[in-house]
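A.B. asks: If you want the building blocks of each chain, they are given just below.
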Amino acid sequence: MSHLRIPVSDQDHSFGPADAPLTLVEYGDYQCPYCGQAFPIVKQLLQQYDGKIRFVFRNFPLQEIHPEAVDAAFVAEFAAEHGEFWQAHDLLYENQIDLGPDLYQRICEALGLSAADLGKAAAENRYTARIRADEEGGIRSGVNGTPTFFLNGVIVEAGTAGLADAIRSTLAGERSGS
Amino acid sequence: MGYVEHHPKGVLGAGTEAPDFTLHRSPDDTVTLSGLRGQPVVLVFYPADWSAVCGDELNVFNEAVPLLAAHGAELFGISVDGVWSHRAFVADRGFAFALLSDFEPKGVVSRRYGAYDFHTGTSTRALFVIDSAGVISWSHLSPIDVNPGVDGVLDALDALTTSATPSR
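These protein sequences, in sequence, are chains U and X.
Per our numbering, the first sequence runs over residues 241 to 418.
Per our numbering, the second sequence runs over residues 2 to 169.
Hints are not guaranteed to be accurate.
Unchecked claim - Which residues of chain U face chain X? A few of them, derived with a C-beta cut under 10 Å, are: (1) Arg245; (2) Tyr289; (3) Pro301; (4) Leu302; (5) Glu304; (6) Gly359; (7) Glu375; (8) Gly382; (9) Gly385; (10) Thr388.
Read the hints as simulated data drawn from the structure, not as lab findings.
Glycine included, every Cβ here is placed at the ideal spot set by N, Cα and C.
Just chain X, same shape as in the assembly (with noise of 0.2 Å):
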């Protein structure tokens, strides 16, 4: 394919496949996605550390962690700042989760969601869980000014938890 890649419309659905990524976590630490198999994964797509927006969006999901951890599920932040960026922004909110830098090549793993505006050169606003079996069970996407909180990926997880439930 060269340098083509196939770029989806729009955010990636239940029932894809997560494409696999290895991002860094912090300067010297990487997180590879098909590692985290056997747990529920919760990517949260945003556009830039520090505006307004995101910062709200991330302390509400950051306040939401032991209800996530309660689903045995990893949450991680994905924009594409670089790590010194992201590195600063967790000290000084406090986040108990990491931040992904999708910096090089340029939010490439934003695109392969279907999760990036190529007129800002940012990723969108987009939530995905992923199943311990690698596969997208929910996603949503919001309008970039509104923040979408944690509701609808509680029930996405809830939702999980029901049917990996064995029937009675």
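So that you can see chain U by itself, here it is in the shape it has in the complex (with noise of 0.2 Å):
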């Protein structure tokens, strides 16, 4: 079974405690459908299991098939600079339906970001390594779509649909120490 090659670190997107007894990685792409349809399911578990449950979101855009996707990571990895990266985040997956670079503009006038500097960023390719970096390292875990989830470090193989159930049956089995 595929699991997580590269662990979780400083270096990653983390929302929760870091001594959480549950850490949830998303291999994800902000023009993936399937990744849309999962973040409000993601969002809602990280709500009912709150103080329980880190999340790690990292990139993963096919971009061949999502031209948009790599820009809007641009943007969130740009928003993350300046401490934002979930609201960018958030404001990525509600309005997918408009990625471009009128909802980029949007975004950065609403975490009070300068457009100017995220287009700076973006002609200097300022997030191009590590946006790559991601994918490489959930390439080498196995991440055979997006979303692909691995909650500690076990590729969750029933996907966004299992996602509840694995974090159920992962937190059973922490409790009782296994």
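Hints are included, so try docking the two chains, each in its own frame, into the full complex.
C.D. replies: Below you can see the structure in the form of structure tokens.
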């Protein structure tokens, strides 16, 4: 069974306590409709298990079929530099149907960031290596499409539909010390 | 043997010489496996162009092309679809690797690799890593609805690199 080869580190975009019994890692693509469908489900699970779960998002843009995926990832990485990663991440998924330069400008405005600085970061490919590193780590870990989830390092083979069950059983396993 | 051909029951395993083949990669160009000696070859058999899981599987392989190239490996997808379907599928998905057409006689290469489903008349979802001498070093058969990812292929290529490195 595939497992996470790149451990979660402080380089990751992470939400929730670092010592949480559960760590959920998503490899996602901002333009992938299945990731868009998973977004509210993940949100709901993070609320339900608040304090018990740490969530990490890593980039896996399928850029040949999703031409906006890398640009959208740049917006989130740019926001991360200013401490606003999750706000940008959420706005991108909530407005997935509108991905494009207009939306990126509106997101910058909403977060008080400079769209010109975003353009500069894009022009110098500032986040290309980081995004590719995320993706290559995902490929090595057996990511087989987007979204792919790993719960405490183990791939969730049932995908988004199996996430709630996987969380429940992993948490039960942690409690019983197995 | 007349027209009767022996077919393996499962996918050909490690240590087996990879059956040679010549298949079309485009309407007027072919690929011959034995012509690729000296480099590893990765074969991705899949059931059909355009179907959802295959698309995901091949999209992820497409993202992995630089990692495979770092091993000097050549990657091919193989299905029973015709060259024109392959051409449209490659153009639509932007694949940076060739799709080979196991079309006539239908599925004969897939059959020889044990990667053919006689009920559906399509290739199964099977992966092969062939070493530079033309011997299968790793193979894997996935359930038809399970996308295998690229990690197994990369691990197998790593193992080839390790075994090919002279001991220090």
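A.B. asks: Honestly, which of those hints from before does the structure not fit?
C.D. replies: 2, 6
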